[in-house]
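Visitor: As they're listed, the protein sequences go chains V and S. Going by the numbering used here, the residue at position 546 of the first sequence is 546; the numbering climbs one at a time, nothing skipped. Position in the second sequence (from 1) plus 555 gives the number in the numbering used here.
Since the hints were derived computationally from the structure, they do not count as laboratory data. Source: prediction; values computed, not measured. Just to be clear, a hint being listed does not mean it is correct.
In silico lysine-lysine, BS3-like type, Cα no more than 25 Å apart, as pairs [as the list claims (entries may be wrong)]:
1) Lys281(V) with Lys531(V)
2) Lys640(S) with Lys610(S)
3) Lys179(V) with Lys229(V)
4) Lys419(V) with Lys725(S)
5) Lys531(V) with Lys229(V)
6) Lys192(V) with Lys786(S)
7) Lys179(V) with Lys373(V)
8) Lys772(S) with Lys782(S)
9) Lys716(S) with Lys281(V)
10) Lys229(V) with Lys192(V)
11) Lys229(V) with Lys640(S)
12) Lys281(V) with Lys237(V)
13) Lys772(S) with Lys786(S)
14) Lys229(V) with Lys725(S)
15) Lys531(V) with Lys716(S)
16) Lys610(S) with Lys192(V)
17) Lys640(S) with Lys615(S)
18) Lys237(V) with Lys332(V)
19) Lys640(S) with Lys725(S)
20) Lys373(V) with Lys332(V)
21) Lys640(S) with Lys828(S)
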Amino acid sequence: MKKLFAMFLTLTLTVSLLAGCGGKEDAPAGTETAGESQTAADAKTEGDAAGKTAFTIALDSDIVALDPAFAYDFTTNPVVNQITQGLLTFDENNELVPQLASSWEATDDTTYVYQIRDDVTFSDGSAMTMDDVLFSIERIMNPDTASYLLWMFDNVDSVEQTGDWELTIHLKEPSASWKYIMATTAGHVISKAYYEANADTFGTAEGGLMGTGPYVYESWQSGQEIVLKRNENYWDKDQTIAMDTLVFKIIPEDTTRVTALQTGEVDFTASTPIDLLDTVKADENLNVQDVQTMGAVFLAFNTGRAPFNDINVRKAVASAINLESIHENIVKDAGQVGGCMPNSSILYTVNPDEWASYVAGADACAYNVTEAKNYLAQSDYAGGFDCTMIISEDSMRYSMALAIQEYLKELNINVELVKVSADEHTSYQFGGVFDADGNRDYDMIMAGWEADYPDVASNIEPLFAAYNAGEGGSNSAVYQNEEVDALIRKQSASLDDAARNQDLFAVMDQVNADTPYVFLTYPNRQATMNKAFTGYTMSASWLWNMFFMDICPAE
Amino acid sequence: MIKFICKRVLQMIPILFAVSVLIFCMVRITPSDPIASMTKGRKTSAETRQSLEEKYHLDKSLPEQYLIWITNAMRGDLGDSFEYKQSVNSLIAGRLPTTAQLVLMSAVLALVIAIPTGVISAVRMNRLTDRILSVLTLIFVASPVFLTAIALMLVFALRLKMFPSFGSGKTFAENLRYLFLPSVALSLNMVALISRITRSNMIEQLNSNYAATALAKGIPYYKVVMKHCFKNAVIPVITVASIQIGTMLVGAVLVENVFALGGLGDILIGGVKSSDYPVVQGITLMLVTVFLLINLLVDIVYALIDPRIRLK
Chain V
1 MKKLFAMFLT LTLTVSLLAG CGGKEDAPAG TETAGESQTA ADAKTEGDAA
51 GKTAFTIALD SDIVALDPAF AYDFTTNPVV NQITQGLLTF DENNELVPQL
101 ASSWEATDDT TYVYQIRDDV TFSDGSAMTM DDVLFSIERI MNPDTASYLL
151 WMFDNVDSVE QTGDWELTIH LKEPSASWKY IMATTAGHVI SKAYYEANAD
201 TFGTAEGGLM GTGPYVYESW QSGQEIVLKR NENYWDKDQT IAMDTLVFKI
251 IPEDTTRVTA LQTGEVDFTA STPIDLLDTV KADENLNVQD VQTMGAVFLA
301 FNTGRAPFND INVRKAVASA INLESIHENI VKDAGQVGGC MPNSSILYTV
351 NPDEWASYVA GADACAYNVT EAKNYLAQSD YAGGFDCTMI ISEDSMRYSM
401 ALAIQEYLKE LNINVELVKV SADEHTSYQF GGVFDADGNR DYDMIMAGWE
451 ADYPDVASNI EPLFAAYNAG EGGSNSAVYQ NEEVDALIRK QSASLDDAAR
501 NQDLFAVMDQ VNADTPYVFL TYPNRQATMN KAFTGYTMSA SWLWNMFFMD
551 ICPAE
Chain S
556 MIKFICKRVL QMIPILFAVS VLIFCMVRIT PSDPIASMTK GRKTSAETRQ
606 SLEEKYHLDK SLPEQYLIWI TNAMRGDLGD SFEYKQSVNS LIAGRLPTTA
656 QLVLMSAVLA LVIAIPTGVI SAVRMNRLTD RILSVLTLIF VASPVFLTAI
706 ALMLVFALRL KMFPSFGSGK TFAENLRYLF LPSVALSLNM VALISRITRS
756 NMIEQLNSNY AATALAKGIP YYKVVMKHCF KNAVIPVITV ASIQIGTMLV
806 GAVLVENVFA LGGLGDILIG GVKSSDYPVV QGITLMLVTV FLLINLLVDI
856 VYALIDPRIR LK
């Protein structure tokens with residue numbers, strides 16, 4: 001019996017020892033996390049909407065950092081956007097509006113002048129100065145920061161203070177897209193004093209960050225949650241911020257995210273899993289909002305090597321795919337049927353009617369099996385051929401790929417689906433894997449692209465410009481057309497939006513004649529919110545403008 | 556005893572060295588580009604790329620990269636995560652407590668359920684109780700962790716609202732509630748295995764000569780079962796249990812993912828997917844170390860239970 005006792009003693013000792021370790025490890029984590037969030041979350045499960053002071057948002061993965069310099073994805077941005085703000089921002093119609101700047105103008109093709117507000121304070125109550133503005137921009141422009149947004153400043157010649165509250169940015173050459181940059185996280189202002197005091201830990205759970213936004217960083221428990229508190233010193237006194245606390249919960253598994261919405265443990269998610277959409281829609285406590293995105297899912301033909309260097313092969317494949325049927329059976333609410341453009345109508349911001357009539361009259365391949373067979377007969381591969389298609393692990397895209405595989409069997413084209421992990425897919429899509437001849441190593445790849453700003457050229461340029469075809473480039477079809485390049489360069493250096501449209505029509509005429517891509521679907525996203533809350537409508541530019549300050553309990 | 560422990564700890568060094576080389580090479584096998592992964596394929600200027608490569612030593616040769624990593628690791632610094640702009644140490648510190656408690660709770664739960672079940676099955680061999688328990692354990696061993704986890708969540712969190720559906724608490728005590736469903740899900744496979752082993756060992760002991768002798772001498776049946784047979788039967792159980800704890804770390808990855816626990820498994824899988832070399836290397840190295848330490852501990856426990864086993 002004594003031995004048995006000794007054994008149990010060891011066991012309990014081990015348990016308590018390991019638990020002790022855990023406890024100790026927990027302590028530093030505990031100092032950086034407030035216990036309050038938990039009680040808030042607990043209260044939420046029981047209390048009704050009126051008593052709620054916290055709004056809980058489910059993210060599908062952890063944030064990268066608490067730092068606008070690295071905020072360039074769909075989980076980091078929604079968090080950072082509450083804490084720091086840009087000189088400009090996008091409103092719900094995707095239009096540019098001033099935020100920390102009071103106004104802005106282009107005084108000539110390459111000079112942009114921003115009047116900075118003099119009444120803005122950081123969340124600690126200190127005033128935002130021109131020093132902070134300059135420091136924030138220069139920090140992102142400094143290659144040592146290794147900011148993900150550095151490329152946005154490639155065209156910047158100088159940034160300087162030209163008046164008490166005036167900031168002037170000189171560009172190297174005219175740019176149609178520059179105006180958007182100050183509305184992205186690249187134009188976000190952080191407190192210089194706070195950064196300097198916390199240089200080593202800035203952006204981590206320990207150091208956090210300080211900005212001018214409606215919420216203040218409270219805690220970040222890696223892999224679990226980020227808690228933000230209302231900014232009691234918010235500079236815009238006209239803005240009422242109803243919720244005391246924002247809690248971001250990291251829930252990677254789709255089923256769990258939906259369950260948490262159903263139990264009320266979570267109030268909102270911008271990533272409603274499409275497979276479970278019916279469950280979410282059936283729940284009487286939840287509201288689902290369809291949001292058009294600025295992106296497209298496409299099939300890119302590797303035009304750099306056989307067989308897809310043959311235009312008739314590309315046209316044959318493009319004509320063999322029945323997109324209507326794919327949408328009816330597979331995509332459903334998750335997207336709109338693709339067409340001749342690399343984006344949905346959401347990007348037709350200038351003269352939308354002109355775009356609508358262009359698209360209606362565009363000469364692009366449509367589903368027609370007879371045509372498809374004719375095209376193939378005219379090619380060097382009349383008898384069909386074997387080829388590969390790279391796809392990611394996404395279940396909807398896989399189903400689409402299977403459908404395409406079936407359609408192409410009609411033409412005696414055997415497609416081998418190559419399913420790769422997310423990072424391998426990224427590597428393939430952006431020209432990181434090459435064959436012995438130095439070509440991109442795939443025949444076809446199914447991939448997606450989403451515009452950075454609501455500008456009609458922001459999908460055309462990355463996908464069709466030849467200078468994006470090389471290593472690290474986004475032109476997955478390796479499409480090369482000098483005329484297209486010249487037109488793309490011309491319009492991107494022009495500030496005359498009406499004239500730009502004409503150039504882009506000409507680009508699309510060429511592209512549609514050459515068929516380097518098939519645009520399969522323009523994806524939608526579904527944002528789900530508990531009916532106990534109101535005050536938020538998501539827009540297509542939500543990567544940059546997802547703000548929760550207007551959220552309040554529903555009446 | 557001290558000498559034995561020292562010797563065993565020293566033996567761990569070459570093992571860890573071999574493992575470190577192996578992990579270092581394996582994470583780099585897939586044709587992926589960590590920089591593209593870091594920036595999620597979005598636009599990157601050549602300057603950003605270069606600056607990132609310098610920051611994470613990716614511009615250096617592989618042997619150099621290994622040396623930098625292993626020398627820092629020996630000083631306790633596992634480097635900075637590519638994806639998350641923080642050190643692997645702080646990622647582990649933030650996530651280890653949850654994973655450790657999950658595995659512990661599951662192991663304790665499994666032993667507490669499995670050992671009595673095994674003993675009862677053995678005592679009631681081939682009778683109705685034994686049959687029912689056998690069928691149950693068969694179901695347990697056949698159900699995949701992932702599925703059990705979702706089923707438990709849907710029943711006990713969504714329908715019955717008895718437990719939170721995801722997340723973990725801030726303290727050990729709070730976690731007893733938060734981690735209950737996850738640890739049940741994780742323990743079921745182990746319950747099945749351990750109870751089967753306890754049962755067969757107990758049967759063997761009960762049929763042995765010494766048990767018959769003891770009974771013949773008039774020692775009460777329960778005493779024979781508990782004092783004599785059980786003690787002899789439990790040693791192989793400990794061996795299996797210790798190995799199972801290693802397996803549990805694998806199962807924990809799935810359970811953590813389903814219940815959004817934000818543990819080590821979650822970040823390890825994420826790291827593999829996004830070519831976050833320092834995270835994968837650091838966590839694997841840590842897990843291997845823990846595994847070796849558990850084995851050492853088990854050897855010590857053997858000696859305490861059974862004087863026939865000497866620590867050499």
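Visitor: Against each hint, give a clear statement of whether it holds in the structure.
Guide: Hints versus structure:
1. A threshold of 25 Å between alpha carbons decides the hint, and for Lys281(V) with Lys531(V) the separation of about 12 Å falls inside it, so the pair holds.
2. A threshold of 25 Å between alpha carbons decides the hint, and for Lys640(S) with Lys610(S) the separation of about 11 Å falls inside it, so the pair holds.
3. A C-alpha spacing of about 31 Å is found between Lys179(V) and Lys229(V), which places the hinted pair above 25 Å, so the restraint is violated.
4. For the proposed pair Lys419(V) and Lys725(S), the alpha carbon gap of about 39 Å is over 25 Å, so the pair is violated.
5. Taken as a hint, the Lys531(V) and Lys229(V) pair is honoured in the structure, with Cα atoms around 22 Å apart against an allowance of 25 Å.
6. Taking the CA atoms of Lys192(V) and Lys786(S), the gap is near 67 Å; set against the 25 Å cutoff, the hint is violated.
7. With a C-alpha separation of about 47 Å, the suggested pairing of Lys179(V) with Lys373(V) is violated against the 25 Å cut-off.
8. With a C-alpha separation of about 15 Å, the suggested pair Lys772(S) and Lys782(S) falls inside the 25 Å cut-off, and the hint holds.
9. With a C-alpha separation of about 21 Å, the suggested pair Lys716(S) and Lys281(V) falls inside the 25 Å cut-off, and the hint holds.
10. Restraint check for Lys229(V) and Lys192(V): satisfied, since their Cα atoms lie roughly 21 Å apart, inside the 25 Å limit.
11. Taking the CA atoms of Lys229(V) and Lys640(S), the gap is about 23 Å. The hint holds against a cut of 25 Å.
12. Our distance criterion of 25 Å between C-alpha atoms is broken by Lys281(V) and Lys237(V), whose separation comes to about 37 Å.
13. This hinted pair checks out: Lys772(S) and Lys786(S) have alpha carbons roughly 19 Å apart, not beyond 25 Å.
14. The hinted pair formed by Lys229(V) and Lys725(S) meets the criterion: a straight-line CA distance of about 18 Å does not exceed 25 Å.
15. For the suggested pair Lys531(V) and Lys716(S), the alpha carbons sit about 20 Å apart, so the restraint of at most 25 Å is met.
16. Our distance criterion of 25 Å between C-alpha atoms is met by Lys610(S) and Lys192(V), whose separation comes to about 23 Å.
17. A C-alpha spacing of about 20 Å is found between Lys640(S) and Lys615(S), which places the hinted pair at or below 25 Å, so the restraint holds.
18. Between Lys237(V) and Lys332(V), the direct Cα distance comes to roughly 44 Å. Violation of the 25 Å bound is thereby established for this hinted pair.
19. A C-alpha spacing of about 23 Å is found between Lys640(S) and Lys725(S), which places the hinted pair at or below 25 Å, so the restraint holds.
20. Taken as a hint, the Lys373(V) and Lys332(V) pair is broken in the structure, with Cα atoms around 28 Å apart against an allowance of 25 Å.
21. A C-alpha spacing of about 17 Å is found between Lys640(S) and Lys828(S), which places the hinted pair at or below 25 Å, so the restraint holds.
Consistency with the previously given hints fails for numbers 3, 4, 6, 7, 12, 18, 20, ordered from lowest to highest.
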